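Peer 1: Using the sequences and the hints, build the whole thing.
Number of protein chains: 4
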Amino acid sequence: MFEGRTTGTPIQLLIRNTDQRSKDYGDIAEKFRPGHADITYFQKYGNRDYRGGGRSSARETAARVAAGGVARAALAALLPDVKITGYMVQMGPHKIDRTNFDLAQIEENPFWAPDATAAEKWDGYLSQLRKSGSSVGAVVEVMASGVPAGLGAPVYAKLDTDIAAAMMSINAVKAVEIGAGMEAATLTGEENADEITMGPDGPEFSSNHAGGILGGISTGQDLVSRFAVKPTSSILTPRKTITKSGENTEIITKGRHDPCVGIRAVPVGEAMMACVILDHYLLHRGQIGENPGKIG
Amino acid sequence: MFEGRTTGTPIQLLIRNTDQRSKDYGDIAEKFRPGHADITYFQKYGNRDYRGGGRSSARETAARVAAGGVARAALAALLPDVKITGYMVQMGPHKIDRTNFDLAQIEENPFWAPDATAAEKWDGYLSQLRKSGSSVGAVVEVMASGVPAGLGAPVYAKLDTDIAAAMMSINAVKAVEIGAGMEAATLTGEENADEITMGPDGPEFSSNHAGGILGGISTGQDLVSRFAVKPTSSILTPRKTITKSGENTEIITKGRHDPCVGIRAVPVGEAMMACVILDHYLLHRGQIGENPGKIG
Amino acid sequence: MFEGRTTGTPIQLLIRNTDQRSKDYGDIAEKFRPGHADITYFQKYGNRDYRGGGRSSARETAARVAAGGVARAALAALLPDVKITGYMVQMGPHKIDRTNFDLAQIEENPFWAPDATAAEKWDGYLSQLRKSGSSVGAVVEVMASGVPAGLGAPVYAKLDTDIAAAMMSINAVKAVEIGAGMEAATLTGEENADEITMGPDGPEFSSNHAGGILGGISTGQDLVSRFAVKPTSSILTPRKTITKSGENTEIITKGRHDPCVGIRAVPVGEAMMACVILDHYLLHRGQIGENPGKIG
Amino acid sequence: MFEGRTTGTPIQLLIRNTDQRSKDYGDIAEKFRPGHADITYFQKYGNRDYRGGGRSSARETAARVAAGGVARAALAALLPDVKITGYMVQMGPHKIDRTNFDLAQIEENPFWAPDATAAEKWDGYLSQLRKSGSSVGAVVEVMASGVPAGLGAPVYAKLDTDIAAAMMSINAVKAVEIGAGMEAATLTGEENADEITMGPDGPEFSSNHAGGILGGISTGQDLVSRFAVKPTSSILTPRKTITKSGENTEIITKGRHDPCVGIRAVPVGEAMMACVILDHYLLHRGQIGENPGKIG
Chain W
1 MFEGRTTGTP IQLLIRNTDQ RSKDYGDIAE KFRPGHADIT YFQKYGNRDY RGGGRSSARE
61 TAARVAAGGV ARAALAALLP DVKITGYMVQ MGPHKIDRTN FDLAQIEENP FWAPDATAAE
121 KWDGYLSQLR KSGSSVGAVV EVMASGVPAG LGAPVYAKLD TDIAAAMMSI NAVKAVEIGA
181 GMEAATLTGE ENADEITMGP DGPEFSSNHA GGILGGISTG QDLVSRFAVK PTSSILTPRK
241 TITKSGENTE IITKGRHDPC VGIRAVPVGE AMMACVILDH YLLHRGQIGE NPGKIG
Chain Y
1 MFEGRTTGTP IQLLIRNTDQ RSKDYGDIAE KFRPGHADIT YFQKYGNRDY RGGGRSSARE
61 TAARVAAGGV ARAALAALLP DVKITGYMVQ MGPHKIDRTN FDLAQIEENP FWAPDATAAE
121 KWDGYLSQLR KSGSSVGAVV EVMASGVPAG LGAPVYAKLD TDIAAAMMSI NAVKAVEIGA
181 GMEAATLTGE ENADEITMGP DGPEFSSNHA GGILGGISTG QDLVSRFAVK PTSSILTPRK
241 TITKSGENTE IITKGRHDPC VGIRAVPVGE AMMACVILDH YLLHRGQIGE NPGKIG
Chain X
1 MFEGRTTGTP IQLLIRNTDQ RSKDYGDIAE KFRPGHADIT YFQKYGNRDY RGGGRSSARE
61 TAARVAAGGV ARAALAALLP DVKITGYMVQ MGPHKIDRTN FDLAQIEENP FWAPDATAAE
121 KWDGYLSQLR KSGSSVGAVV EVMASGVPAG LGAPVYAKLD TDIAAAMMSI NAVKAVEIGA
181 GMEAATLTGE ENADEITMGP DGPEFSSNHA GGILGGISTG QDLVSRFAVK PTSSILTPRK
241 TITKSGENTE IITKGRHDPC VGIRAVPVGE AMMACVILDH YLLHRGQIGE NPGKIG
Chain G
1 MFEGRTTGTP IQLLIRNTDQ RSKDYGDIAE KFRPGHADIT YFQKYGNRDY RGGGRSSARE
61 TAARVAAGGV ARAALAALLP DVKITGYMVQ MGPHKIDRTN FDLAQIEENP FWAPDATAAE
121 KWDGYLSQLR KSGSSVGAVV EVMASGVPAG LGAPVYAKLD TDIAAAMMSI NAVKAVEIGA
181 GMEAATLTGE ENADEITMGP DGPEFSSNHA GGILGGISTG QDLVSRFAVK PTSSILTPRK
241 TITKSGENTE IITKGRHDPC VGIRAVPVGE AMMACVILDH YLLHRGQIGE NPGKIG
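Residue numbers (our numbering), protein chains in the order written: chain W, 1 to 296; chain Y, 1 to 296; chain X, 1 to 296; chain G, 1 to 296.
For the record, the hints were derived by calculation from the structure and aren't laboratory data.
Given that identical chains are not distinguished, each listed pair holds provided it fits within a single copy or across any two copies.
Calculated cross-link-like contacts (lysine-lysine; reagent style DSSO-like; alpha-carbon spacing at most 30 Å): (1) K83 to K240; (2) K244 to K83; (3) K95 to K83; (4) K131 to K240.
Please read all numbers here as calculations on a predicted model, not as lab measurements.
Peer 2: Given below as structure tokens:
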């Protein structure tokens, strides 16, 4: 920033880790945690910084959230109608009830749950998990409204391709959905066809199974993406594993315990969505300029 | 090819469309098909070749399959143990029964189903759909065995990121899963921890919820990815839509009718998996060379 | 093209070689031509298609010229003031006389020489070379007028970086200059400072040692780039070389003889300039939009 | 670094500017320096940090030298025979005498001159320039020996393309040469043909007009690149210019004065060469593996 404006230079973000806890890493240094990237990192590089998870630590997502903040600031200037909202829709086996869906609830509970009843249930469930030293997965949904039609491209740089890549790249994510997602498999063509009528400001759709994207290009509807976060491997029940020298052993992971890391993934998902939308807006402006196709 | 070997030049593939059918495109030329990329293509470019779906046609996937053939030929030379197999695991609401799972069945039925009982059921279901001029979605699974540990990277160019992007880029795909996929949300940390023991050739795992990838890097287990394909929008039941000039109308789509396009997506998914594995093997060889980390 | 407009699909160019001449490649098949890419291609790939130069043939530049034609068509629509002109300024030791400089002459002689006197001299010189079966190098200059200020970037994707890469990538090019080029080494700061005054349409410069680029970004002056083309290695005087099996021998190259390939490089240089300007215009429009900084 | 080895994580370099001098930037803040990127930066971004040149400052090259240090460390492990040496071969109009060429001299004078006589002459010349508050350009040559044959590619990612881009991207560079460079224009085919004979360790060449690169691929000879650096625009003689608001005026640049910035460009050129060679080695290893083509 200089004289109140950015200067066109790259923005560099530096986040210092001020919360390192000195502790005995002995177990983690020698043994691989099942379900954790310890083993693959070692298999690739023959080396690994085991302190706090090293390069595979979800601390990395702090940089994503910071970058998302920059992307949101740029979107506020370039596409002021865009609004990006993330929330949790499932904790372990417990899904929200869509008939209770209320975005105003998100800030009212510690789980970013858009369903007050679900939040209450999750609270009790999470307490149990914490007591037992266990952990569980979650599903996060990110919705972006106000995204103009036309972002994306038909083959390379599809908008859904880039959202899928962005979400799957978040630590612990194992699946990404757009719109109807896996449920699209069960739909008939009649159900899946979001019917179109002409509204005062352009096309309107009777439903949004497409999640705001058709053929890799945004429709102008809300972008809707969901992703599943696996449970953390840091649990108190012993699991079989091996050491760096290849001996069979067991491991339990003490230290910080986080029974549902999916909660922390909500702002990360929002940040990734912001980065993808900004990227695609700039690409689109480069390719097409300010006068895209207009219907009617 | 020259003197029996490739020469290092790029391989160019040219597939001529020899099955164009002259017909009246009148309806499709003027109206947008709900659930189809017609409308977004027009919204982006202000123009569209409506003949046969134009740029958004799934004919594009023929090029993917051809490219996958080249990738498989290269893999056969570089990583001869790699075996890539795709199959359908769900048609509409009907899933295969995993207790019947038998890869030998794939070639025995027209649905690439690894479950003879499911194939029979799907046959009847598909006949009904065809008669009613309807369509339905599907889930395809692609498995790659023999992939060495160490492919991928911890933050950028994660192996699962690239698989997600590759699969989501296929026409009509709305979701991508790795390993446990969306079900990872319901697992506890104890269940999700694929336990490790030392085998004669390296680490062995008690299960594969990870789908062969931890922290963006391959574990040496089977890579397992699934993707959901939405139903085609070409159906005989009229749907509400608008014309290019913005008038409300209805559309039905005559012509070729394909009640479950997911079937055709099986070889496409295999091809994308082959391309991603080859890319990552070459990247890995560049970054690490021939001597990756070894356990034990 | 569809209904008189492009459709947003990638443009594919296919040029068939209809002028292959069947001949005995025996010598070239076994021996490497000094000064030619035969040997490095073999050193890299362990294989080589020797027919007509294979992948290293300057026939490849036909694709560049075709791509440049597409870029020029796009520039005609997007930046109609841009005019790109290439010409030869030196053949072997014989430079044009800048006091004779007249772009109207370019079309009047077979050397694209903007100096009628030089063209005459080159004609005689080239006849001698042809008779003796020799060859010689050349310098080509490419000028682009009407390029707006602001294209390029300060560190990555500098406009001069990309022009240098584009020109150096042309077969047989060994040097690239922008503006004063190598002569910039001999200038004092006073000479090199293109003085600025305010004109009716923006800044005006007293000279153009910068070649239209300062700090990687266009100034609005003419872009001026020159590149040196080495002589072809296809000559009739025997040169010492080795065979594929490593034996010492000699080679002369019969067949098509082109005493100054630099002449053919003129339209190639124009094409590369067109591609770079179009790329940078689209990048700039993406990054900055339609309202760049304005002075005064 | 962890336990004495890198861990596969990206290497982040942070150089703090500890030598900022508080001064009156009034003149530079309002006026553009002719021959400097001030004006184009403003034309692109409509904004500019004028303090010390901002984003266009050659301070940026400190990062290049640091990155080159990392590249050299990697090369020392991967290609221990590679030796990269930069030196000045021309200051203003004064070239070195190639018959005096002696790399041992480089460390013996403040100009990295491989010619003791030239260094002496330059010393006096530079004193005069300093007294008069003037500046002058220079030519830097960078040589890399021990580079294996086969790095690069025939069309995309040519080694000479990437060297040209890397050198041209350095602040103030206006031309890049490979091997014979601009002089290649004056050579005949007979002169330009570096003759090949078989030596005990592979092909040997009678000369190196190619600068170690044929058809975009390294020959195994020394890589030789030269680049011209323009004189700094910070001079004491007033030059005509305009202000940000478009008024005609004059400017002189006080403050730090550096009569020949080309001297500082020597380690920068070495660093860029190191980065390009390392990149191409890793690319080559990815593409070809450890068994490239062998002659004989």
